[in-house]
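**Q** Starting from the known structure of chain R, fit chains S, X and A onto it as the hints suggest.
Protein chains: 4
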Amino acid sequence: MRLRLLILSILPLWAAEPRVVRYEPGLDDLKFVYAQMPEALRLKPGDIIETKTVDAEGKAFEARGRKAKGPNPLTGPFFIEGAQPGDTLVVRFLSMTVEGNEGYGGAGPGFGALNSTTYTPMLGGGIPKRNWTYRIDKTSNSAVFKANDSDFSVKIPLRPFLGCVGVAPAMAEARSSIVPAEFGGNMDASEASPGNTLYLPVNVPGALLFLGDGHGAMGDAEVAGTAVEVAMSVRAQVDVIKGKKIEWPRFENADYLMAAGIYRPLDDALRIAFTQLVGWIHDDYGLSEMDAYELLSKTAEVHVAEMVDPNYVIVAKINKKFLPTRR
Amino acid sequence: MRLRLLILSILPLWAAEPRVVRYEPGLDDLKFVYAQMPEALRLKPGDIIETKTVDAEGKAFEARGRKAKGPNPLTGPFFIEGAQPGDTLVVRFLSMTVEGNEGYGGAGPGFGALNSTTYTPMLGGGIPKRNWTYRIDKTSNSAVFKANDSDFSVKIPLRPFLGCVGVAPAMAEARSSIVPAEFGGNMDASEASPGNTLYLPVNVPGALLFLGDGHGAMGDAEVAGTAVEVAMSVRAQVDVIKGKKIEWPRFENADYLMAAGIYRPLDDALRIAFTQLVGWIHDDYGLSEMDAYELLSKTAEVHVAEMVDPNYVIVAKINKKFLPTRR
Amino acid sequence: MRLRLLILSILPLWAAEPRVVRYEPGLDDLKFVYAQMPEALRLKPGDIIETKTVDAEGKAFEARGRKAKGPNPLTGPFFIEGAQPGDTLVVRFLSMTVEGNEGYGGAGPGFGALNSTTYTPMLGGGIPKRNWTYRIDKTSNSAVFKANDSDFSVKIPLRPFLGCVGVAPAMAEARSSIVPAEFGGNMDASEASPGNTLYLPVNVPGALLFLGDGHGAMGDAEVAGTAVEVAMSVRAQVDVIKGKKIEWPRFENADYLMAAGIYRPLDDALRIAFTQLVGWIHDDYGLSEMDAYELLSKTAEVHVAEMVDPNYVIVAKINKKFLPTRR
Amino acid sequence: MRLRLLILSILPLWAAEPRVVRYEPGLDDLKFVYAQMPEALRLKPGDIIETKTVDAEGKAFEARGRKAKGPNPLTGPFFIEGAQPGDTLVVRFLSMTVEGNEGYGGAGPGFGALNSTTYTPMLGGGIPKRNWTYRIDKTSNSAVFKANDSDFSVKIPLRPFLGCVGVAPAMAEARSSIVPAEFGGNMDASEASPGNTLYLPVNVPGALLFLGDGHGAMGDAEVAGTAVEVAMSVRAQVDVIKGKKIEWPRFENADYLMAAGIYRPLDDALRIAFTQLVGWIHDDYGLSEMDAYELLSKTAEVHVAEMVDPNYVIVAKINKKFLPTRR
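Residue numbers (the working numbering), protein chains in the order written: chain R, 22 to 348; chain S, 22 to 348; chain X, 22 to 348; chain A, 22 to 348.
Okay, chain R solo, but in the shape it has when bound (with noise of 0.2 Å):
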């Protein structure tokens, strides 16, 4: 494994100003799993990384006539001095740019939410494997739709967001680089974007933050399989709060807490995501259980982030302006 790594700027004149260290990855360093590994780069809380990562088939490289070795490729893993199994690892999103041309789509045989599966298999022809490409459209800052059977195109706004963000699990899982689950991953969650910020659950010293599967635009559900697949630029701020455990990813965000449900059947995903909300509002907010539920029955708002990956994730939301003065 070959590390090109940069040190931007060890500049902390001031102890507020935050280190920045950059890292972008050859082929050989792209990784396929969520584990325990050797890391790419040790970073300590406060640092900003500043990497790039692939789409999700790693085109950028089969341009160069080489090919990733699976799905998803991923950026990482960084490891962040003084993360211990039993703290929360902190990701602020400060910036992600689409980076070239081009963006890539596709539906066909195995995936898919309305489609024949591996984990939700029929008998039957099931769809055909068809691709798009999405013109990346700097000037307007859209993605550029094409139809493969008639000759409409339109304009999607760019919203750029990482499709993977994850830690290595707990219990000495290695889980693929397709699957989202207790320990983040292929969340495939557009609130894993600048202004937002993302709590993990920390399994290992370390904790060992891998970045991937940037997404250019994509719906509610991801109902096809994929987003507008792109490549991207990502600024992130890292930190760890010490001695505080959570169970399944959050976000938060200036006007919003955000808690993800990752499991099979949607329902459950809801389950997880809104007894997490209700245990957030409780302990950091002075509500008690019952009031909490009450309140989200008349507040919440719900996104469904992906019903294609191999859990799925469901994001329940409150405003902050419902809630009391936090503790």
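Calculated directly from the structure, the hints in this document are not laboratory data. Note that the coordinates shown come from a computational prediction; the quantities given were computed from them, not determined experimentally. Each hint should be verified, as a subset may be incorrect.
Note that identical chains are pooled: a pair holds if it fits in a single copy or bridges any two copies.
[Unchecked claim] Straight-line Cα separation of at most 25 Å, DMTMM-like style, residue types lysine to aspartate or glutamate; simulated pairs:
| hint | residue 1 | residue 2 |
| --- | --- | --- |
| 1 | K341 | E322 |
| 2 | K176 | E310 |
| 3 | K150 | E268 |
| 4 | K342 | E322 |
| 5 | K90 | E268 |
| 6 | K342 | D158 |
| 7 | K342 | D305 |
**A** Just chains S, X and A, lined up with the frame of chain R:
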């Protein structure tokens, strides 16, 4: 059955001026099933109906010392002249106003998304019975949540909609007012609100439209099992599309196509909603099914209306700006 | 509605000798919903009813140039005198005989466990429409499967049962003859066969018992959507347990307690069946709920009756040899 | 890692006489993931392995003052020479004997089919923690259930099987010993017992076979979350089918073809099991897929192995007497 019926104005001096008909039910006029039965009132296509619905527990009547015979009392049914099986009923929601000074919420044994219920029963205690009363603040157009277990209170903006809008089912079925299904019913979908149009399949002569279960405000998924339950004044225009057959309820407004999927688990509700939306786009906007599927994977919005009734409700949406010109 | 009704024998010389009543429906007597309606016949508790059911597509009548109005034509309803809401109806299945020389099977678009269906719709082709005819071989008491696409044939032993046994539903509902639910109905449970007793909740005066959908033989889960569909002669004794209320159908024979759970997904059907069985053991055999739960974890048997109807059916069982003496 | 390894007999004087190899793990030899790792022992195709497994909580070691590091301790892995990705591993279960005088059962917060759990979380109390100890009665070959809350006890016949039988997963995954999936694992399937043969996909060189979680007796679905948990002596013969690739575990005996489906909800587990069984019949017995589908609808048997682990397990079966001659 006593009908309190007033023809407000029969003044279509021009064809363009719709007739407005007012109907206010008494306690004994309320219905508790969607089924074929004698109508409360006959309407013509184009008529505007002005009517009232009582809250889900019929508390308005309790105040007067009487009690509704069941949950979700329904106003109607309204017979729409000319509507025949195989047609589509059109309901344009014009205005909804919360009646009275109080709304109601509750959680407890046997219902709710995070609880042992009739259809997802568990051993163990489950949650206790709790009630919340919401003061309706007309000045700020909000309902006031007041915690039971602390002294916190917060205003929730009113966004009134009808929890129940349905017609007589197909196959001579009669369904309880708590059930949502192909005929609409207890969809608890905030899309049933002013500015939106609802399409329902016509299964019996006259369609037989039932309205009820006013919601002053509700969170996605209605997790604890209730909204801010209120009595409501409703104004809606009915119409019929002859010879157009749909299989599931659909909504539409100036900006969106919206298809409802109604079943358990949520996965299947989502599959129903999206296959309907693919078909709608294909039929009315001319994209191939595969192009529609791909475009939805990039642009769709998903609304989890409720996960607490006998069937669950998901509404899948696409903004019309992403579609070709309608045929 | 024309009743062809013969009182075979009214000879209870002793109280111990039950009255036998025979009823054979004509085409116009068949029903297609479980609902409150005028009875076909009145029975007293203890009476034995001898009657006939047509096959799921009413082919017997097709042979005579007429056609049943829908799927799963039902014989009945039988009004059981003295049965009141809150009681339990008892149906002891005494004998079932396959009528005619042919049974029918079919698979095709829109139904079946491994196929795009009404409630689990998929894009893509699905499976083709296919039919199979089964010769009934009375000598060997079997139905002969004959492959469509090769020259293989094999005998399947006849084990006749009624796919449909139900009563009028609660809450003034009317449900299609293809639906199983709390009231029984299209359970497709092989437990509805000679040697077994079925308990159903009484929801309306007289209970109103409907019978239909004879199955000559069926695999667990009925995956393709049909059994060996046959017309049948049925002999059953009815009875009423006054003041005993059950929530879901139950079966019993000399060896087993059997509780049915009926909903989607199978997970919830199983939860219903097992919470009912825990309650049954607790109430009638005196084990604590936790002891009953543990004992079932070591000894229960599970029968997946069907996964193809609008609701799915699971029967959870325990052999009485593992239980204390009944109270 | 200390290997206590005895080559019992290397006496294949004829090719027909299989080599018998014995392996008994110490506490530090136990594994807690299915994953690629150094083998405990190398076997050749045709070898018989004689080994021991500890119970799900490793109580045998607790008795000696030490504690297993996790649930479902695994014995192995066994490297089978010549097994390569794309082959099928064959495990013929020859004998299983319950070790020791006690078995264990338990129910409590966080697990079980009728309870709030990690992946189906609910609000409210859930059930209390309870344990049951089962005396193993070798004379009657049974485990004795003794109620906690009354003085009832009853003998349950021993029918030993391995709850855990699996290989290293594909895609470089490592999965916890509590997980069943494509690689087998914690299937809790009573089919993993003497007289039956298990087929597993080979994902890594040598396959790496893990065994554990002996069950003295278990009910279908394992509803409370445990069987009669015991230590066990196991005798099994391993073999390899070169160039034969299967996607999911399969079982076979003299009378039955049995295909496992492993996922959530049960609906999808059933779909996997049956599409696999249709394919098996089509490939090896020459029926068309549609004929196989129809024949299963009339003759299949379904075993709900468990509904309590991270994935659920269903085994779909057909008696070979209903099939054509194998090709």
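**Q** All the hints need checking, so say for each whether the structure fits it.
**A** Results of checking the hints against the structure:
1. For a Cα distance limit of 25 Å, the shortest separation of K341 from E322 qualifies both inside one copy, at 12 Å, and across copies, at 23 Å.
2. Taking the shortest Cα distances, K176 and E310 sit within 25 Å of each other only across copies (19 Å), while inside one copy they are farther apart (44 Å).
3. Within a single copy, K150 and E268 get their C-alpha atoms only as close as 38 Å, which misses the 25 Å cut-off; across copies the closest is 21 Å, which meets it.
4. In this homomeric assembly, K342 and E322 come within 25 Å of each other (Cα to Cα) both inside a single copy, at 13 Å, and across copies, at 24 Å.
5. In this homomeric assembly, K90 and E268 come within 25 Å of each other (Cα to Cα) only across copies, at 21 Å, whereas the closest approach inside a single copy is 31 Å.
6. Within a single copy, K342 and D158 get their C-alpha atoms only as close as 37 Å, which misses the 25 Å cut-off; across copies the closest is 17 Å, which meets it.
7. Taking the shortest Cα distances, K342 and D305 sit within 25 Å of each other inside one copy (14 Å), while across copies they are farther apart (41 Å).
When the structure is compared with the earlier hints, no violation turns up for any of them.
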